[in-house]
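**Q** Chains A and B, in that order, give the protein sequences. Counting from 1, one number per residue, gives the positions in the first sequence under this note's numbering. Counting from 700, one number per residue, gives the positions in the second sequence under this note's numbering.
For the record, the hints were derived by calculation from the structure and aren't laboratory data. Incorrect hints may have been included.
The list that follows gives simulated cross-link-like pairs (lysine-lysine, BS3-like), each with its CA atoms no further than 30 Å apart [what the hints assert, rightly or not]:
{"#": "1", "chain 1": "A", "residue 1": "Lys147", "chain 2": "B", "residue 2": "Lys862"}
{"#": "2", "chain 1": "B", "residue 1": "Lys736", "chain 2": "A", "residue 2": "Lys30"}
{"#": "3", "chain 1": "B", "residue 1": "Lys862", "chain 2": "A", "residue 2": "Lys188"}
{"#": "4", "chain 1": "A", "residue 1": "Lys170", "chain 2": "B", "residue 2": "Lys862"}
{"#": "5", "chain 1": "B", "residue 1": "Lys862", "chain 2": "A", "residue 2": "Lys37"}
{"#": "6", "chain 1": "B", "residue 1": "Lys736", "chain 2": "A", "residue 2": "Lys655"}
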Amino acid sequence: MNDDYRHLMERIRLALNDGARISALSRAVKRGRDARKAQFSRMENPSAFVSEIRTLKTGAVAHMDDLVRTFSERAADNGCSVHVAKNADDVVSYISGLASRSGAKLLSKSKSLTTEEIELNRRLEEKGLEVVETDLGERIIQLAGEKPFHLVFPAIHRSQESISELFTDKFGYPVPDSLEGIMAAIRKELRPVFFSTGIGINGANIAVAETGTVVIETNEGNDRLVNSLPDVQVVVVGMEKIVPAWEDAIRLFNAHPLSATGTQLTNYVSMISNRLDIGGKEREMHVVILDNGRSAMSRDADFSEALNCIRCGACMNICPTYGVVGGHTFGHIYPGPIGIPWTEEIHGLDRAKFAHLCISCGLCQTVCPAGIDIPLMIAKVKQKDVEANGQLFVNRFMCSMERISRYLSATAPLSNWVVGNRVSRLVEDRLLGVERTRALPTYTRRTFTKRFRPDEAGAKERLVYFPDMFANYVKPEIGLRTVDMLRAAGASVVSPRELKPSGAPFFLYGELARATKVALHNVSVLHKLVSLGYEVISTEPTATYSLREIYPKLLGRSAESMDVSAHTYELFEYMALKHPGAKPVKAGEKERVRLGFHIPCHQRPLSSGRYSVAALESAGYDVSVIETGTCCGMAGTFGLKKGPLGAELSRAVAKPLLELFNEHEDLQGIATESSVCTMQLGEGVHVPVMHPVELLSPG
Amino acid sequence: MASAIGVVGRFRGEFEALGGRVHIARTRDDAIESVGKLLSGRVRSVHASRGLMPPLAERLRKFGIEVLDDSRPDDYSEPGTGITEAQYAVASAGCIVEIADEEATRLASAATLLHVAILDSANIIENLAGLAPIIRRSLGVSGRKPVITLISGPSRTSDIELKDVVGVHGPNEVHVVVYGDTL
């Protein structure tokens, strides 16, 4: 293990040991994701909203050079000085030049991630200037010498008490441990700053080429004082933030808060084209357009999509591991999921080690208002890191799990004892990095593939069942019951032996060449059947997600992969759409009627489990979907790994979800379709966890 | 505007949900009178945007309130009270639209603790999409462009333990007096 990994693990462990921080952060991210969800559920057509944002951002990034030119011309016509800065040094020398010309020593600043990116404050301070952040959260972390913990709530990791202590220490008088006390102190401290600074520095959320105007959004209103009072105003804006027209800008300043905090608008939205007159004095406005790698990024097919980010923080609010460790661990300067490609592109691969905190749940993409394929970009960053710095041994081992499962199954039940006895578990823990307190799956020699007999292709309705690893080697009953249900509906079912498990671990651990190989293989096997009129059915959400979402990405959206994707269904989705009249009935223990339902992350971009819930309900079960809105944390083999970058983090992610399930004391069972979620839930709840197909029989 | 009453009601609901207060007056003159009543006994002087003068100054004098003659940024260093005109409002978003030609107007709504805006009910638009032509028209002037600001209630933060606080660097109280024939 190299030092970067060791450093990352130390940081994770530190974060895991700070319970107060974890609960503050989890409240913040939950509030963000619940508020966003409430807003999006009120929308008539949320996917049209996402697609509009995506289209406008993609268009703007594609025409970035033209937009820079048009914006610059119009802003210059308005009387602004426009400077296109290549990098941090360029911005620093421009602003420090303004300071020395105007004699300004004190600069006020309103929140700007783009200036954080280039560590503007530190660099200006090195030139002898004093820069004061005026957003409350930013000022707190500036005084504490920290970086933002969260994009929207930079100081969310600090308690009110610690803020009053910090202010008491820095301001030199007692600041009471109360909201009123803290607010009074910050007003008292910052008011004179606003009125005595020579230069005000603002970030901009949007720049509009059409009229050469910048748009600045704040809730506190600090930006309005920063950009109205000083004689010199500087706006630093990332090149990717320029849009052609006002219609685009309006969509964006609505999308930012909708997606970040669930409000229609940020409290103040200022649209500034030039300085206004006060006292007849000539005052300056400078717009610095920052490149710092963005032009190169826009030409990089793998990463240009990251420029579509509108900086709402929704991906942070839903990311399961970010929600536990926070932005100081899960981030360099840009935090969270979208921070991974941004860091790699802007600050370099060696700063992006935190990419390995991503557990490939895919949730970030489901909430991104611009529909950015963040999971794929993260997988590519991991791949770059693996190629440059090598793979962890335990990850290599986990990547061979599918092959190992085949052997373990072939030699079961002896293998279960050999692998599972206490001595072996200790050895596996020490040598392989497999957490010994995790229950391992019990393999069976009588696999699905061995027990299944394919139908002749006589029937009109032809189906391929894709069992994946668990339903084949561990619980063939899931596959067999599925086949029974499909046959009872009149279909003929095949399940080619040459199909390989989905290859999800390769994606998780950045082994994209191997993931692509599996994708190519499975798509070619399935496509032959799809072209003969077969539909593909799977009962493992990760497998369905792979066939439908991941394989096309890995295979460059080839015609075959798109075809297979279009013909792939979840079991209950297929039954509901094609056999709405088929009514499965309760199976087995008739008294078990009160069920909790867990939605696996990979099922969210599919049906979110609604067809399975409907099937269980129509069979007479009383079902409640129980969710925190994020992942259970198992993430395939991730939760099996020993240590902070495995079971420790995985269990910390699971904790709130398990607590929520356990609060529902009347549950008699839990239904979920994912085999790995079953392991995680099974460890922490006291009722059986089953696949819905185990709870139902054909009607 | 055919459904003006609906639009005013909607604006009021949304703006008040965001912590602002809406008052209704019959005419512009009544609106100015309402501002006086609202501030009477609470404040002795106010900053105001030039567009509202001179009737505002005359009327407020009746309530013992002086309209300050501001010409420098420093005139706003003590957080006081500001009166401005909201040229438009957006009902669905609950925001007023301030189109400022002078910095003094912006400071009257930004550097004060108490902000009162008067608004013609005919200028409340339904939704955000309707802003594009308004912005375009406002910025289409030759010479110096106005600064346009959407204001959705008092200044706020949740930076400390996610607790909602109003009144950070801007007003902690924002009132809008809506007037007009379309009410």
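**Q** Each hint needs a verdict: does it hold in this structure or not?
**A** Each hint tested on the structure:
{"no.": "1", "hint": "A:Lys147 / B:Lys862", "verdict": "holds (21 Å)"}
{"no.": "2", "hint": "B:Lys736 / A:Lys30", "verdict": "violated (44 Å)"}
{"no.": "3", "hint": "B:Lys862 / A:Lys188", "verdict": "holds (20 Å)"}
{"no.": "4", "hint": "A:Lys170 / B:Lys862", "verdict": "holds (23 Å)"}
{"no.": "5", "hint": "B:Lys862 / A:Lys37", "verdict": "holds (20 Å)"}
{"no.": "6", "hint": "B:Lys736 / A:Lys655", "verdict": "violated (56 Å)"}
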